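> Kindly generate the complete structure, drawing on both the sequences and the hints.
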Amino acid sequence: DVKVTQSSRYLVKRTGEKVFLECVQDMDHENMFWYRQDPGLGLRLIYFSYDVKMKEKGDIPEGYSVSREKKERFSLILESASTNQTSMYLCASSFLNPGVNTEAFFGQGTRLTVV
Amino acid sequence: SQQGEEDPQALSIQEGENATMNCSYKTSINNLQWYRQNSGRGLVHLILIRSNEREKHSGRLRVTLDTSKKSSSLLITASRAADTASYFCAPRPGNTGKLIFGQGTTLQVKP
Chain A
1051 DVKVTQSSRY LVKRTGEKVF LECVQDMDHE NMFWYRQDPG LGLRLIYFSY DVKMKEKGDI
1111 PEGYSVSREK KERFSLILES ASTNQTSMYL CASSFLNPGV NTEAFFGQGT RLTVV
Chain B
17 SQQGEEDPQA LSIQEGENAT MNCSYKTSIN NLQWYRQNSG RGLVHLILIR SNEREKHSGR
77 LRVTLDTSKK SSSLLITASR AADTASYFCA PRPGNTGKLI FGQGTTLQVK P
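First to last, the sequence lines map onto chains A and B. If you count by the numbering used here, then the first sequence holds residues 1051 to 1165, one letter each, in order. If you count by the numbering used here, then the second sequence holds residues 17 to 127, one letter each, in order.
Keep in mind that a hint or two might mislead.
As the list claims (entries may be wrong) - Not everything, but these chain B residues come out facing chain A in the computed CB check (under 8 Å):
{"#": "1", "residue": "L59"}
{"#": "2", "residue": "F104"}
{"#": "3", "residue": "L115"}
No wet-lab data here; the hints were simulated from the structure. Predicted model only: the values in this text are computed from it and were never measured. Where a beta carbon is used, it is the ideal one built from N, C-alpha and C, also for glycine.
What follows is the structure, encoded as structure tokens:
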């Protein structure tokens, strides 16, 4: 079974802290994604990576950065956490080639609270 | 925007009834995917339909795709209380691996 593992299920951080959310997948997927989910707003794409060291901004990249040094690991970084970044964060991965099964597999989510 | 827009936003039905959710999108696609999310969890892939397919079945799920209208529908037949969840569509363009989701449809199935 494909596994996408997020490092924490729940996280509480203080305003101004630098926060790292880690995501690891074991299916050799090229694509990896970070989303945040807030009530009434659905899932919003923060960043997308289609290869090691490659990244594209999603719809809401402000206040976030990402790192992909290895194919299996995609990190989301909150440079200086703020209370409006309190949210559920979801990581996902998929194959790049649309000719193969391209469904995305999701981690269990990290509920981040910034106080 | 390449995201899908689901309709209705919320749906409440009795167990045993059918549930229909719709998705509209704006760009040309390679495929369209439907996902389910139980409360507070990650999304789980349900079914994928390719742009050259018009209908696809998987168990109690039936998905249709009309590329001329840029729309898709997900039908859940003989619904169960365990189908209570949020459902999202994700149209996937051919030129990018990005998956962008809409707000989803929240389905409540009453026992």
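> Hint validation: F104 (chain B) versus chain A, beta carbon distance must be below 8 Å. Holds or violated?
Given a least distance of 7 Å, the restraint on F104 (chain B) holds.
> With 8 Å as the cut and Cβ atoms as the points, is L59 (chain B) at the interface with chain A?
holds (5 Å)
> Taking the closest Cβ pair, is L115 (chain B) under 8 Å from chain A?
holds (5 Å)
The structure shown violates none of the earlier numbered hints.
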